[in-house]
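**Student:** Below, each chain spelled out in residue letters.
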Amino acid sequence: MKQDFDAIVVGSGISGGWAAKELCEKGLKVALIERGPNIEHRVDYQTEFKSPWEMPYRGFGDQAKYKERYPRQRGLFFDEYNERYWVDDLKEPYQESGSQGFQWRRGYQTGGRSLTWGRHAFRRGAQDFEANLADGYGVDWPIRYQDIEPWYTYVEKFIGVSGDSTDEVVGLPNGTFQAPFPLTAPELALKERLAEHYGNRRQAIIGRVAHIREAKDGRAPCQARVVCSRGCSYGAYFSTQSSTLPAAKATGNLTVLNNMIVEAVDYDPATKRATGIRVINVEKGVKESISAKLIFLNASTLNTIAILMRSVSSEHPDGLGNSSGTLGKYIMDHAQSFTIAKVKGFEGSTYSVNRPANLIIPRFANLTEPLEGAVRGYSYQGGVFREGYPRGAKMKGVGASFKQEIKSPGDWMLALGYFIEALPVETNAASLSKTKQDSHGLAQIDVHYEWTDNERALAKNAAAEAVKMIELMGWDVVHASTEIGSPGSAVHEMGGARMGRDAKTSVLNSHNQMHDVRNVFVTDGAAMASSGTVNPSLTYMALTARAANYAVEEMKAGRL
Amino acid sequence: MPGIDSSDQAQALIGRRDFIIGLSAIGAMSIWSQIGKASTENSDPLLNYICDKTIPDTETPGALAVNVPAFISLALGHAFCNTSGDELRRLREELDQAAGGAFMSLSEPQRFSVFFQYDADCFSSFESSRRSVWPVIKKLILMGYYTSETGASKELQYTFTPGSFKADLPYKKGDPAQATDFFATTDFIGY
Ligand SMILES: Cc1cc2nc3c(=O)[nH]c(=O)nc-3n(C[C@H](O)[C@H](O)[C@H](O)COP(=O)(O)OP(=O)(O)OC[C@H]3O[C@@H](n4cnc5c(N)ncnc54)[C@H](O)[C@@H]3O)c2cc1C
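Chains A and B supply the protein sequences, listed in that same order. So for the first sequence, my numbering puts the first residue at 5; every next one is plus one. So for the second sequence, my numbering puts the first residue at 248; every next one is plus one.
In isolation and in its complexed conformation, chain B is listed as follows (with noise of 0.2 Å):
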């Protein structure tokens, strides 16, 4: 592989190892007191539940296990796709109509059976899917769950420093998808 892994010359060039060890310091303060402070902020069981059957912990953590859902009320908090932070009541809204009653009450098989088929009909057409405040929610979870190390790490595969680009390589199902391909997970509009 050709590059700085490899080249002592662009090694020495750079002194690469001693800048990130002083960079990940600066940063790591401000961020862990954000991710902190949005998690102990939540604790809705409505969004727990559903994070948690969106997506389950399967051979590795699901959303739940790894907190996606502080990072959706971080994200309605900020306005991630367009959200006014109204969403959370609409999905309970949504749901106990689903449910005719209160969906929280549900006991299982039910309760998953009834969120199984509120997905099914958001979208089963595009109408449905544009008045449902479902796939904004869902949006959120797979951004929350595929942006956590788990999900871009242990789940998908997350290779930062590729050191080239391989444009034809052979693919069978079930191999996973590169967490950091730019193209397949930017929305170049905005979030």
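For reference, chain A alone in the conformation it holds in the complex (with noise of 0.2 Å):
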């Protein structure tokens, strides 16, 4: 039978730009399988450089059509400018069936969420591989940090991180690094009390973001105009657009098919093995086959658990690979509240915007502090700024003088985001509706997620030890929230096909491949055994690069 292909990629985002990058530079002949239309670096970049005065909306959008059309899309980054690289919720509908629903937010397009994400890149440390089996919760990772050390590198070398490479933080390695963003002020002195009080046990440095500081590989330095959501022309965050897929271009072996829904994975079970997909020609509203020697799934967690779970047959009757009866089931995100001061003092003192890297305050609790009554941790993500023009509608004042007040900056204000880590819980999953279709006829993912005892312990010390620190400073809490947010919320949703050791108890081996099908590889968020603390897409290129590498070598062995 001829194969149209050597491997198909599914999914354009973060983890598939980086699995048809990686396999088409080892020489395979590669198709990208994307659901949604292209979007061209640059030339589909159609507000990047629009005022919000030129907007229809000046920038924040219709609210009504939000409102009706994109309930689970709004939230940070999402606005008026890059409100296309949403998906509208009436078209693409899922079922949330928890008490606090799940916000599924995304986005269907070439490049997927590359383009809209927060651009966060940190590795996680050994504990976030040790975790596991260190508390019963979830199964062991079938590998350590030092399986990963090496594609943590490979990775931040090409996609370009900035990052400060004098921080030593127990917990947190440090990547390969551009120059950091500088912290301000009031920062600078959170970090020197914070070093004063807990040694180096907690600390504030400066976020590690996917953008380069220097030019490279037709790629231009950040400007810290953080419209970054929109597209970049410059190139200077990481994006399928502006990274991977160039790279993969270059090579001769890339075909990108646009608006094709992959449906399922076929297989033969007289090889055992994958033969192709089965997709939706969105276009042309007919379904097609694409064959294939080696397939990987990088659809994004919910939508490649959908795609697995599609794909029965006689010997898969519950989903490829799901032997285990895993397949859905585990899934996390990470636990998000947060905490506004007041900073005091700095009055003399301002900045020049805008800094697309947040102050992080790393993992302290169950790493280098001991906590009672919760296993795992948090970290903290925020950072400072002086309150502008919206400050107004919250005082009094109106005329001359209060156009002269606004017209200043206002008080210096601290915003602290906690990303808690989730345990992963069976009862935290995902399935297919057995009544509910979406308009292309297949059966809705329906996410059913509840908070655990210890999200919500974590969240009250993450708030109890935020107000210390903060009085530390001499500043004002003004809010210090335990309350967790929708699951879903922080965007960063993982697990669901998860790797583990035993083919009985998890969907992939400590390659991201498959224990029942070996040609089959999951390297997006579904294979997640644990959440961390930090922003996971950094190890989903990582372990996407180490598992092309691996599937390659498998390959050529004639083991695939």
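It is worth saying that the hints were derived from the structure and are not from the lab. Source: prediction; values computed, not measured. The beta carbon of each residue, even a glycine, is placed where N, CA and C say it ideally should be. Watch out, some of these pointers could steer you wrong.
Some chain A residues judged to face chain B by a derived CB distance under 8 Å, without partners named [to be verified]:
1. N42
2. G63
3. P146
4. Y149
5. Q150
6. A189
7. Q227
8. V230
9. G349
10. S356
11. G392
12. V402
13. G403
14. F406
Subject to a maximum C-alpha distance of 25 Å in a straight line, what follows is the list of computed PhoX-like cross-link-like pairs (lysine-lysine) [what the hints assert, rightly or not]:
15. A:K30 - B:K401
16. B:K419 - A:K346
17. A:K71 - A:K95
18. B:K413 - A:K398
19. A:K411 - B:K420
20. A:K440 - A:K288
21. B:K413 - A:K346
22. B:K413 - A:K348
Build the complex: two chains, separate frames, hints provided.
**Tutor:** Written out as structure tokens, the structure reads:
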């Protein structure tokens, strides 16, 4: 039988772009299958250089439309400039059956959410690969930090990560960094005070972001505009478009197929191998098959799970590679909440816009400091800023003096969000709805998620410790929230096809390869066995590059 | 300054100028048709008055001069800040009540003094500010004004391409804020 391609990569987002680049560079003929339309780097960033007064709704967007059609997409970085990079919730419905629902923010186009992501890029620490074994939640990771370490380096060198190489933080290994963004005066004061009080147990550091500071591979340095999620013609932040796609294309081995929804993976019981995929060609309204020797699933956590669940056969009646029965289960997101404080002093200083990197207080709970009553931990991400014109709506004043007042920046404020590690729990799971279909005739994804007492205990502790650190500075706490938002709202949904040592309790092995089907790899968030306390995408990239390297070796050895 | 404005290499890579010109041509038509539509729809003297008095002309034109009332009509028609579209009627009622009669029939300086007191009373407590429609109208006035070209770039500073982030600069009272300060001006939950 003729193979259409050597390899198929499903999804062109953060992880799929990496899979395509790696496999193409190793000489494979690759089809990159993307359900959404193409977004051409630079050419299609139509709003990039717009000012608010040039936008129909001043950049805020049509709120009536958003409430009706984008209720689950709204949030950080969603606005009028980039609304087309987000799915219309009415067109792409899903079910959320937990008590707080599950917010699923996503974009269906070339680049996926690499266009709109927050670009924070951290390595996980050794503890993050050992936690499951240590406390018994979830299954043990089949890899340790040393296994992924060279791949972090490999990925960082290519994408470019800005960070401070003088940092020495327990549990948060340094990467290969380009120059860091600087801390502001109040942040530096906090950093010094924490060092005085806590030694190296608690630190304030600058965020590590996938922004380049020096030109590289046809990309220009970050201009500090922070209009990133419109698309960046400088190519200053990592996106599929700026980084992995050009590299994959340059090999001459890449075919990108847009507007193709992967329905399922085809399986041959005789060889026990996948033979290709079935797609819905959206433009033609027909179903097609595409064959390949190797399949990488990078459709993002929930979509990858759905593809596997739709891939049923007599040998895989509950979904492809699901002999363990764990497919779709043990989903996680980071639990989030926040503290706001008024910074005192520093009236004589300010900053000039815009820094894409947050202030970070890395994890200390159960790492450098023991914590009673909860396992695992959390990190803080935030920063300081001087209040802008919106403060005028909360204060009295009208007329020339009011206008004069608002002309100036206001008080310094500190915002600290918490990224709380979520435990892998069997009942936090995605499944296919038995009754509801989407507009393509596919069963809707149903996500059931409840926070556990452990996340709630960590949220309380995170708030209490934030208050202590703020009081140490003599600043005023405005609000220290212990309420955890809707699951999914951290947009770090992961798990559901976890890696593990045992085929009876996990879907993937130590190389993101299916235990049950050797030529299928899952290297997006679905592979994660625990959530850690840092933004996850750099880990998806590193796991992807590592798995691609392994897959090609296996292919050459004739074992796939 | 690093980057595209100074680097020949990057300039060549991107051909930014042609690119920008091409894009603005595409955007302009639909934008002006929207704004134009909104501005002819509005001629509410009360709203004009309130905008003008909240952010008056000083060295720079104020909220009425840059047609914030048109923005507010647009905003109220499109559920900005969870509005239902009924807010101007409520504003009129509250102001009439504060005036003990028809607010707009008062003459100056009484009318301004009623408005001034209305604003002060509204923000005197959390409860009073929650009961009143004024905070949301005030918010819309601010949003409309500081996203207008005048409000953003003449009254405040508008730096679209800073080139780099400067973490520590001396500040003296009266120096204008940056209209493009993302974190100081963005409501992450939505509008
Ligand atoms: C506002 C925001 C801020 C974020 N900030 C950060 C951050 O600072 N750091 C961080 O690490 N992460 C961050 N994230 C999360 C990050 O975006 C995701 O972890 C990452 O994009 C996941 O990569 P992926 O390749 O799995 O999926 P995506 O990037 O979502 O790409 C998946 C692709 O697959 C396509 N696809 C889906 N289903 C199918 C199908 N059936 N057939 C064909 N194609 C399909 C989609 O259209 C899409 O293009 C943020 C996300 C958001 C939205």
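**Student:** Each of the hints needs a verdict: does it hold here or not?
**Tutor:** Hint-by-hint comparison with the structure:
The restraint placing N42 of chain A at the interface with chain B is violated, with a minimum CB-CB distance near 17 Å, outside the 8 Å limit. Look at G63 of chain A: its Cβ gets to within about 6 Å of chain B, closer than 8 Å, so that hint holds up. The closest approach between the C-beta of P146 of chain A and any C-beta of chain B is roughly 37 Å, which is over the 8 Å cut-off, so the hint fails. At about 32 Å, the closest approach between the beta carbon of Y149 of chain A and any beta carbon in chain B exceeds 8 Å, and the interface hint on this residue is violated.
The closest approach between the C-beta of Q150 of chain A and any C-beta of chain B is roughly 35 Å, which is over the 8 Å cut-off, so the hint fails. The interface hint given for A189 of chain A is met, as the beta carbon of that residue sits about 5 Å from the closest beta carbon of chain B, less than 8 Å. Given the 8 Å rule on beta carbons, the hint for Q227 of chain A holds: about 5 Å separates it from the nearest Cβ of chain B. Interface hint status for V230 of chain A: upheld, as the beta-carbon distance to the closest one in chain B is roughly 4 Å, under 8 Å.
Residue-level restraint check for G349 of chain A is violated (minimum Cβ-Cβ distance to chain B is 12 Å; threshold 8 Å). Using the Cβ-Cβ criterion of 8 Å, the hint placing S356 of chain A at the interface with chain B is satisfied: the shortest such distance is roughly 4 Å. Given the 8 Å rule on beta carbons, the hint for G392 of chain A holds: about 3 Å separates it from the nearest Cβ of chain B. Below 8 Å, beta-carbon pairs count as interface contacts, and V402 of chain A has one with chain B at about 5 Å; its hint therefore holds.
For G403 of chain A, the shortest C-beta to C-beta distance to chain B is roughly 6 Å, which falls under 8 Å, so the interface hint holds. Interface hint at F406 of chain A: satisfied, since its Cβ lies 7 Å from the closest Cβ of chain B, which is below the 8 Å cut-off. Distance check on the hinted pair: K30 of chain A and K401 of chain B sit about 54 Å apart at the alpha-carbon level, beyond 25 Å; violated. Restraint check for K419 of chain B and K346 of chain A: satisfied, since their Cα atoms lie roughly 19 Å apart, inside the 25 Å limit.
For the hint linking K71 of chain A to K95 of chain A, the alpha-carbon distance of about 14 Å falls within 25 Å, and the restraint holds. Distance check on the hinted pair: K413 of chain B and K398 of chain A sit about 29 Å apart at the alpha-carbon level, beyond 25 Å; violated. Annotation: proposed proximity of K411 of chain A to K420 of chain B holds, straight-line Cα distance about 10 Å (limit 25 Å). The suggested pairing of K440 of chain A with K288 of chain A holds, with an alpha-carbon distance near 24 Å, which does not exceed 25 Å.
With a CA separation close to 21 Å, the supplied pair K413 of chain B and K346 of chain A stays within the 25 Å bound. For the proposed pair K413 of chain B and K348 of chain A, the alpha carbon gap of about 20 Å is at most 25 Å, so the pair holds.
Of the hints listed earlier, those the structure fails to meet are numbers 1, 3, 4, 5, 9, 15, 18, in rising order.
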